[in-house]
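A.B. asks: Residue numbers (the working numbering), protein chains in the order written: chain A, 5 to 797; chain B, 933 to 1093.
Don't read these hints as lab results, they were simulated from the structure.
Don't take each hint at face value.
Taking lysine-lysine pairs in the DSSO-like style, the calculated list, with each CA pair at most 27 Å apart, reads [stated by the list, open to error]:
id: 1; chain 1: A; residue 1: K126; chain 2: B; residue 2: K962
id: 2; chain 1: A; residue 1: K782; chain 2: A; residue 2: K454
id: 3; chain 1: A; residue 1: K407; chain 2: A; residue 2: K458
id: 4; chain 1: A; residue 1: K110; chain 2: A; residue 2: K353
id: 5; chain 1: A; residue 1: K17; chain 2: B; residue 2: K1057
id: 6; chain 1: B; residue 1: K1057; chain 2: A; residue 2: K454
id: 7; chain 1: A; residue 1: K93; chain 2: A; residue 2: K192
id: 8; chain 1: A; residue 1: K573; chain 2: B; residue 2: K1090
id: 9; chain 1: B; residue 1: K1078; chain 2: B; residue 2: K1090
id: 10; chain 1: A; residue 1: K279; chain 2: A; residue 2: K353
id: 11; chain 1: A; residue 1: K26; chain 2: A; residue 2: K93
id: 12; chain 1: A; residue 1: K569; chain 2: A; residue 2: K458
id: 13; chain 1: A; residue 1: K407; chain 2: A; residue 2: K353
id: 14; chain 1: A; residue 1: K638; chain 2: A; residue 2: K573
id: 15; chain 1: A; residue 1: K592; chain 2: A; residue 2: K576
id: 16; chain 1: A; residue 1: K603; chain 2: A; residue 2: K638
id: 17; chain 1: B; residue 1: K962; chain 2: B; residue 2: K943
id: 18; chain 1: A; residue 1: K401; chain 2: A; residue 2: K93
id: 19; chain 1: A; residue 1: K603; chain 2: A; residue 2: K576
id: 20; chain 1: A; residue 1: K565; chain 2: A; residue 2: K575
id: 21; chain 1: B; residue 1: K962; chain 2: A; residue 2: K458
id: 22; chain 1: A; residue 1: K782; chain 2: B; residue 2: K1057
id: 23; chain 1: A; residue 1: K17; chain 2: B; residue 2: K1078
id: 24; chain 1: A; residue 1: K26; chain 2: B; residue 2: K962
id: 25; chain 1: A; residue 1: K26; chain 2: B; residue 2: K1057
id: 26; chain 1: A; residue 1: K130; chain 2: B; residue 2: K962
id: 27; chain 1: B; residue 1: K1090; chain 2: B; residue 2: K1057
id: 28; chain 1: A; residue 1: K26; chain 2: B; residue 2: K1090
id: 29; chain 1: A; residue 1: K782; chain 2: A; residue 2: K767
id: 30; chain 1: A; residue 1: K279; chain 2: A; residue 2: K110
id: 31; chain 1: A; residue 1: K575; chain 2: A; residue 2: K192
Each chain, letter by letter, is given below.
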Amino acid sequence: MGFEGIGASVRRKEDVRFLSGKGNYTDDINRPGQLYAVIRRSDRPHATINGVDIAAASAAPGVVRVFVGADLAAEAIGGLPCGWQIHSKDGSPMAEPPHPVLAVGKVRHVGDPVAVVIAESKQAAKNAAELIDIDYTDLPAVANLTSAVAAGAVEVHDGVAGNLCYDWVIGDKAVVDGVFAGAAHVVKLDLVNNRLIPNAMEPRVAIGDFDTSSGDFTLYTTSQNPHVIRLLMGAFVLHIPENKLRVVAPDVGGGFGSKIYHYAEEAIVTWAAGKVRRPVKWTCERGESFMSDAHGRDHVSTAEMAVDADGTFLGLRITTLANMGAYLSTFAPAVPTYLYATLLAGVYKTPVIYCNVKAVFTNTVPVDAYRGAGRPEATFLLERLVDVIAHDTGIDKLELRRKNFIPADAFPYQTPVALQYDSGDYQTTLNVALTNAGWDGFEARRAAAKARGKLRGIGISTYVEACGIAPSAVVGSLGARAGLYECAEIRVHPTGSVTVFTGTHSHGQGHETTLAQLVVSQLGVPFDQIEVVHGDTSKIPFGMGTYGSRSLAVGGSAMVKAMDKVIAKGKKIAAHLMEAAVEDIEFKDNTFTVAGTDKSKTLTDISLAAYVPHNYPIEELEPGLDETAFYDPKNFTFPGGCHIAEIEIDPDTGVVEMVNFTAVDDVGRVVNPMIVEGQVQGGVAQGIGQALLESAIYDPSGQLLSGSFMDYTMPRANDIPSMSVATENTMCTHNPLGSKGCGEVGAIGSPPAVINAVVDALKDYGVRHLDMPATGAKLWSIIQAATPRMAAE
Amino acid sequence: MPQVTLTVNGKQHTVEVEGRTLLVELLREKLSLTGTHVGCDTSQCGACVVHVDGVSVKACTQLALQADGTDVITIEGLAEADGTLHPMQEMFREHHALQCGFCTPGMVMTAIDLVQSHPGGLSEKEIREGLEGNLCRCTGYHNIVKAIAAAHPLMHAKAAE
């Protein structure tokens, strides 16, 4: 057994379970006497509900109950709450229309839940759901941003004028306009960030359980943050106090943000279980998930950069329309504001920035954070804009980036858009990426491709993002309705083994392994004597969960604090046992030593004494060795780096082949390099998916056309290349681990690198910009349209 | 209700099923073999792949009744009785070819069939094309491809023993 602490590529503890079919996913759980819920959803984008006739469904074989929106309304069940309030530029709070658990009065998107059938079997529930007769009057719908903000557009919510949720700004427009007036170049780019559907491979599942003797509720759910669900559902929707509500999120099959939010189905099964006094299970079908899981991205922006004659960026001016969908999902309002506009400095010294974001309601599925959340939108905008500046001014794109980089000696660096970056070295990540990608040899590869009839291109993206969300007071001042600290409990057992209880949640990240590695390094306990427990509000003191690449930077830091407490208490016990002063006790490698002597006690000696306190300072010290800590981060963390994509286009089909992908990221302290590489590879694949394949498409009437894996192009193994992934790390300066986070860098850095490569490959075809996804059909059309002109020239 | 008799992981079962019951429902709900997963409803994702008479099959795409008289192996049936992992399982672990684990059972079952049906070797391109019917949202496939390439010689060496 080799080194298994921080820095080792330890193989994962969870793998044998998953590889043997012994995972415990929510759909694998069945409760005694369980009933099955099937939800009847709207097939209309926008309609008035005149009536819901449940008579035939209620009488169908096996049906126990059918519930509609009015049943919940009659019990004053609350709507789904939004966790973040944004204020418009005029100081007014955002429009926050009700989000009923089951639709009341109107349906506002295809997939809006209208009724739920509870039956003895899934098939009986399914059959009965089809018997529900809903009398609709169709209303005109707004299916996209442009139509939603058009004059005279239908209102998604009565009284929300212009479908405007908020009209928010950051920066001083007059100052920025002044800079533009005197600039040598003004480069303007209109761009779209395509709407995505997260599609974690495990569909959502929720099981409500009601203990008829105690009156306790348990919700088993596919969640990234069970404590947050307990808080939101218990306090705001169902009015169940925390002591009567347990939320369990067992093994969860991927989240990517889509399992952060409190969804209607969680409230439905929990409430219904209390009504029918039996467990109620709901398993989402994939087709259902397409129209009920929160979607991601969906921005339309105009970006302008004022540039000096020598290529120095002088000022950035941006307007963005951001799609909220039909209702506000849990964290939706924060995504296009504090997770997007605050990242618009990127890795550059741009001195002044102004951004206006209008968040807009449409008759579509709610939009919320999806891997990267706001930061991919900011990065795509900036890194496309920089390439377009290079295109328009003739300045080399690398030189342009280098000239405007925040230099490595400028940290901490205060951006003009609120954030203060603590560390980074963008020249180094760029240089290493250029070397790893063989940048200098590219023109030879392009020529060789041309000889084979292929169009080869190379594209670069240099980016920074904000993770480790976040200092509670700061986010509170910005509208967050929660604190964003994390909690950890370190329980040293009598024989010296350790159980870690973490408020973060692992749904693929490998916390059972990496968090154990922290204990190996700090307490010296062997890896196989450490268990990590997560995902159950009845076991974990508290937690805010896993998103925004926060688990290590925030949750790991809470563990460090708790282990510091263990060591501090252990020193007092050791001092007593070895008859020395506490100040003279040192702890290292699982051993307490009296400084300058050979007197020592192992952690096991100390834990045994703590639980069998026969010879123990019982007057001053409680027995036991079990410490809890909450850690509130001092700042965001700022991972960054450079991604380079190399592609070839077949001009006969327009199809892009990813030839090479190189990532060099700065993620701070790496605990497990193998896992970090895996996180980056997976994120890059999602970024390539966004850039080349994926797009959620609504037709103008509001029907979701890309509503299954037959229609929505998920990246498959032969769409993704082998990747070169490396890190060049600077340490986070404000958390005890130095870690920044790695979960989202791949999805943030890669899309503009891919599109920059596609545009580069098409540079002879007069292409200045392309919106994602760069599908074969889109590129073929461009090539076809340009070819006669090129032949004529 | 009609009956289906089949052997699963070496054990024979006779089960009553509705005509519309899918093989994956039989495995998960009647036999409690929950290692086989359901990730879609259009036969696209491959999370439900099992072996039926030695060939990989999407268990969501076959009726339970069609499996009458067959020999089915699921992810639960791969490791040896003492817990020793199948070489494909071992290489997935060694090469970090899984993250959330949800696609993993189907991915492993597909990969084993792919290796078994290509005794002469597998190029990276062949592996990637061979995974066409299996979606993974976590790994970006990079490490899955590596794991399958590494398992190929191990599996064929073992088969030759």
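A.B. asks: Decide, hint by hint, whether the structure agrees.
C.D. replies: Hint check results:
1. A:K126 <-> B:K962: 14 Å, holds
2. A:K782 <-> A:K454: 21 Å, holds
3. A:K407 <-> A:K458: 33 Å, violated
4. A:K110 <-> A:K353: 49 Å, violated
5. A:K17 <-> B:K1057: 31 Å, violated
6. B:K1057 <-> A:K454: Status holds; Cα separation ~22 Å.
7. A:K93 <-> A:K192: Within the cut-off at roughly 24 Å; holds.
8. A:K573 <-> B:K1090: Distance of about 53 Å is beyond 27 Å: violated.
9. B:K1078 <-> B:K1090: 19 Å, holds
10. A:K279 <-> A:K353: 59 Å, violated
11. A:K26 <-> A:K93: The given pair, whose Cα atoms are some 52 Å apart, is violated under the 27 Å limit.
12. A:K569 <-> A:K458: Distance ~62 Å between A:K569 and A:K458 Cα, so the pair is violated.
13. A:K407 <-> A:K353: 9 Å, holds
14. A:K638 <-> A:K573: Status holds; Cα separation ~26 Å.
15. A:K592 <-> A:K576: 15 Å, holds
16. A:K603 <-> A:K638: Status violated; Cα separation ~39 Å.
17. B:K962 <-> B:K943: Holds - the C-alpha atoms of B:K943 and B:K962 are around 14 Å apart, at most 27 Å.
18. A:K401 <-> A:K93: Not satisfied, since the Cα-Cα distance of roughly 35 Å exceeds 27 Å.
19. A:K603 <-> A:K576: 15 Å, holds
20. A:K565 <-> A:K575: 15 Å, holds
21. B:K962 <-> A:K458: Violated, at roughly 53 Å.
22. A:K782 <-> B:K1057: Cα-Cα ~25 Å, so holds.
23. A:K17 <-> B:K1078: 20 Å, holds
24. A:K26 <-> B:K962: 17 Å, holds
25. A:K26 <-> B:K1057: 31 Å, violated
26. A:K130 <-> B:K962: 19 Å, holds
27. B:K1090 <-> B:K1057: Roughly 24 Å between the alpha carbons, so the hint for B:K1090 and B:K1057 holds.
28. A:K26 <-> B:K1090: 25 Å, holds
29. A:K782 <-> A:K767: Since the Cα atoms of A:K782 and A:K767 sit roughly 15 Å apart, the hinted pair holds (cutoff 27 Å).
30. A:K279 <-> A:K110: 25 Å, holds
31. A:K575 <-> A:K192: Violated. A:K575 to A:K192 sits at ~63 Å, over the 27 Å cutoff.
Checked against the numbered hints above, the structure breaks hints 3, 4, 5, 8, 10, 11, 12, 16, 18, 21, 25, 31 and satisfies the rest.
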